[in-house]
Amino acid sequence: MIRRLWQIFLAPSSAVMILLFFIPLLIVLFYSLLSRGPYGGVMLPFSLESYGRVFDFLYLEIAWRSFWIAAIATLLCLVLGFPLALYIARYSQRKTLLLNLVMLPFWTSFLIRIYAWMFLLRDTGLINTVLLGAHLIDAPLPLLFNTPAVILGLVYGYLPFTVLPLYATIEKLDPALIDAAADLGANPLVVIWKIIIPLSKPGIIAGTLLVFIPCLGAYLAPDLMGGGKTVMIGNLVQNQFTASRDWPFGAAVSLLLMLAVVAITAAISRKAQDLI
Amino acid sequence: MMRRFLVLYAALAYLFLYAPLAVLAVFSFNSSKLSVWQGFTFHWYAAVFHNSALAEGAINSFLIATVATIFATTFGTLAAYALWKKRVPWLMQSFYLSLLTPEIVTGVSLLVLFQWIFRFLHLHLGMPTVILAHISFSLAYVVIVILARLRAFDTALEEAALDLGADEWEVFKLITIPIIMPGILAAALLCFTVSFDDYVITSLVAGVNSETLPMIIYGLARKGVSPDINALSMLITCGLGTLILLAGRLEHKTK
Amino acid sequence: MDQISLRLNRGEFYSLIGPSGCGKTTTLRMIAGLDTPTGGDILLNGRSIVHLKPYQRDITTVFQNYALFPHLTVRKNVAFGLERRSLSQAVIDSRVEEALELVELWGKQERLPAQISGGERQRVALARSLVLRPKVLLLDEPLSALDPKLRRQMRRELKDIQRRVGITFLFITHDQEEALSMSDQIAVMNRGVLEQVGTPQAVYNHPASKFVAEFLGDVNWLGGVGVRPEVVRVSRDHPVDGVRSTLAKVQATSFLGNCIHLRARLNDGSPCIAELPQHFCEFQPGEEVHVWWFPDDEFRVEGLPGS
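Residue numbers (the working numbering), protein chains in the order written: chain A, 1 to 276; chain B, 1001 to 1255; chain C, 2001 to 2307.
Among the clues, some could well be false.
[To be verified] The calculated lysine-lysine pairs, modelled on DSS-like cross-linking and capped at a C-alpha distance of 25 Å, are:
#1 B:K1033 <-> B:K1223
#2 C:K2053 <-> C:K2076
#3 B:K1086 <-> B:K1173
#4 A:K229 <-> B:K1223
#5 C:K2053 <-> B:K1086
#6 C:K2159 <-> B:K1085
#7 C:K2053 <-> C:K2135
#8 A:K271 <-> A:K172
#9 C:K2076 <-> B:K1173
#10 C:K2108 <-> C:K2149
#11 B:K1173 <-> C:K2053
#12 C:K2149 <-> C:K2135
#13 A:K201 <-> A:K172
#14 A:K271 <-> A:K194
#15 C:K2135 <-> C:K2159
[To be verified] So the derived label-pair ranges between C-beta atoms look like this:
#16 B:A1022 <-> A:L132: 38 to 48 Å
#17 B:R1087 <-> A:L29: 25 to 35 Å
#18 A:L97 <-> C:R2133: 44 to 54 Å
In case anyone wonders, no lab produced these hints; they're calculated from the structure.
Even for Gly, the Cβ is constructed at its ideal location relative to N, Cα and C.
Sequences and hints are given; from them, build the entire structure.
This is the structure in structure tokens:
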């Protein structure tokens, strides 16, 4: 009787995952091997042409750009998030409250948060208006629609995802270790650099995973903050299914993105396992 | 010394996180379209409420989020419970994979699925496809959250119920579910928020008549910045923010 | 766990006692149906129940941490098992009242578990199990979470209740005083094996092994026999004939409140502790004394050097 109960419990979710997750991915694989249809969509014959095109310089450039933008965003999130995590873990009283305040913006709309930065950064935005009004500049600064703006958007969006794991790791560190180091004469910076950071590796790894992967496949940040001029993999894929109507190619890129995500996650997880 | 630096840094960090939203909030009351303060007004908020396209978008978003949440929470709770009792590696891995998958890939794969089905069934993209898509990507959230809650559950309670004469289904219904209900509600609220805010996946699988609020905001944002988006954004942010705080309160009650 | 065989008689207060990890909880769980034995059988009134689910066995359990349902009132907790059967509400209500009065908790039935004390929770757990009138009631160290004074009080009450309702109790504990004071039969377990089964007097006075002897109390191992401190007498004069006697030198005396422990060293070097009633404190360290006991009070066990 129990076995049937669990089967019933698992059935709906299994159906959803098979029908709405695995099978779609299989169809994507299938489509990536077909040819482009005249009005979008796909048609026979089978061909590896889409995969071949991925290696065009244009697309490799997009992939490369996506990787290093994601990498920089991740690095910034780690570097900027670490002191905050350190503060909350070791120097503050109301830890839960402070952590919740870090996460709260993330749970409201990502789109709206990106839009808020657009409001601040655009040529007629708040920052430029203030600077112009104070006569610090003559013409508006091009703060938006470029790659740094994209990175800013990504960091703003994903910063909480490094703060949380770093906090969790630092919080678990034995305060006796750090006190001992301080006791032996190490100044605070040395303590951080040589003791806290190395011991925070699990948090650093978790944070890297949680930021790098979404940034790699980002769409909204490069689209809105970059004004369409900074093309990342996400934008490329989206484009194939709307304006360009090249479904096989879009499918191929999607699949390769998926593979990259899985491979990187596996590699990072293995590194994390080695640490445990 | 270190402490003072960190306190200052933390203050700046929180400022960084909240300033853009705060600025939006302030300027949503600005009577001018420019970024110069020219007077206080509720004008833009009123405009939001009189905008029929926005109203339709809002209704669509609410409907989608509600239906998707109900299904995802129900399916997810049942699945999490079964997975807590019995290992099913492929399903567990699929949830993790689902969380990892970039939204663009999820959206594209679902679009491709629907278009392929529509070859045979002569249907169109619309609310149902969006709802199915939302159920698909939020299921993993619910399962992971509730599984975590279950792992902290005292199994002696279930054993006592079995011992006293309840069968497995009664134990689940009368003991486990009531006790983890705050966790389930928290997962549901999370699910609702994630669904309400989604742009990427929704935009790919929505039909012509099923525009959601994020899609409208995206369209407006692409065209440029305007105060009615400010007002709308503040309303959405406060609404979702309240839901999240509620979810946090509920999560806290379980502990 | 090794092979063990327990036999409980109807209406008995049967204790299963042993150190942590010896397998007593595992045994209890198998009887309750929460774990499955790899071999063997469990018979209730001659009927095999080993393949039955916990909710199909006429056996209930009082868990170590009580496992009261936090979202149900005391009354609903106690009524839970009854409501799973097809009984009328009136019958359920009267039996719940009966059970709560038996454990002296009538008046608190609308409270939640979080609102009552640890001792009261223990009684709710007991009432919840007893109200079902099981053939056997299993108790998994039910008193271990209580403070010592409450423990002793609950021991009396528990024994009282058991006698009144006449249900067979299988009581798990690692506290030998508890087992000795409450049981009709004791089974001593060690590392998955039953070392001895018998009445409290039998296992205490005639332990079958070194382990049993030492687990149930203190033992002096003197020249191949075991002698408990309370049967060891000490005197300056030579004792009467017919007793085992030897010379010893007093090392120290300790006042324990209700008795005195006198530590002595025999001439062959073995240490010895004698438990003397309170007013015999006349011996001084360094004195030469006679240490003696009646032969009936000693016991031999297997596997002891010199036996």
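- Item | Hint consistency between K1086 of chain B and K1173 of chain B [alpha-carbon to alpha-carbon, up to 25 Å] | holds, 18 Å
- Query: Could one say that the CB atoms of A1022 of chain B and L132 of chain A fall in the range 38 to 48 Å?
  - Reply: violated, 21 Å
- Hint consistency between K2159 of chain C and K1085 of chain B [alpha-carbon to alpha-carbon, up to 25 Å]: Status violated; Cα separation ~38 Å.
- Item | Outcome for the supplied range 25 to 35 Å, where the beta carbon pair is R1087 of chain B and L29 of chain A | 28 Å Cβ-Cβ, so the 25 to 35 Å window holds.
- Can the restraint linking K201 of chain A and K172 of chain A be considered satisfied, given a maximum Cα separation of 25 Å? Distance ~12 Å between K201 of chain A and K172 of chain A Cα, so the pair holds.
- Query: Taking 25 Å as the top limit, are the C-alpha atoms of K2053 of chain C and K2135 of chain C close enough?
  - Reply: Roughly 16 Å separates the two Cα atoms, so the pair holds.
- Does the alpha-carbon distance linking K2053 of chain C and K2076 of chain C stay inside the 25 Å limit? Since the Cα atoms of K2053 of chain C and K2076 of chain C sit roughly 23 Å apart, the hinted pair holds (cutoff 25 Å).
- Message: Against the 25 Å threshold, does the CA-CA distance of K271 of chain A and K194 of chain A hold or violate the hint?
- Response: Cα-Cα ~20 Å, so holds.
- Regarding the pair K229 of chain A and K1223 of chain B, is the alpha-carbon distance no greater than 25 Å? At roughly 15 Å apart (the allowed maximum being 25 Å), K1223 of chain B and K229 of chain A satisfy the hint.
- Between K2076 of chain C and K1173 of chain B, does the CA-CA distance stay at or below 25 Å? With Cα atoms ~15 Å apart, K2076 of chain C and K1173 of chain B stay inside 25 Å; holds.
- Under the criterion that the straight-line Cα-Cα distance not exceed 25 Å, is the pair K1033 of chain B, K1223 of chain B satisfied? holds, 14 Å
- Is the straight-line distance between the alpha-carbon of K2149 of chain C and that of K2135 of chain C 25 Å or less? With a Cα-Cα distance of about 30 Å, the restraint between K2149 of chain C and K2135 of chain C is violated, given a limit of 25 Å.
The structure shown violates the earlier hints numbered 6, 12, 16.
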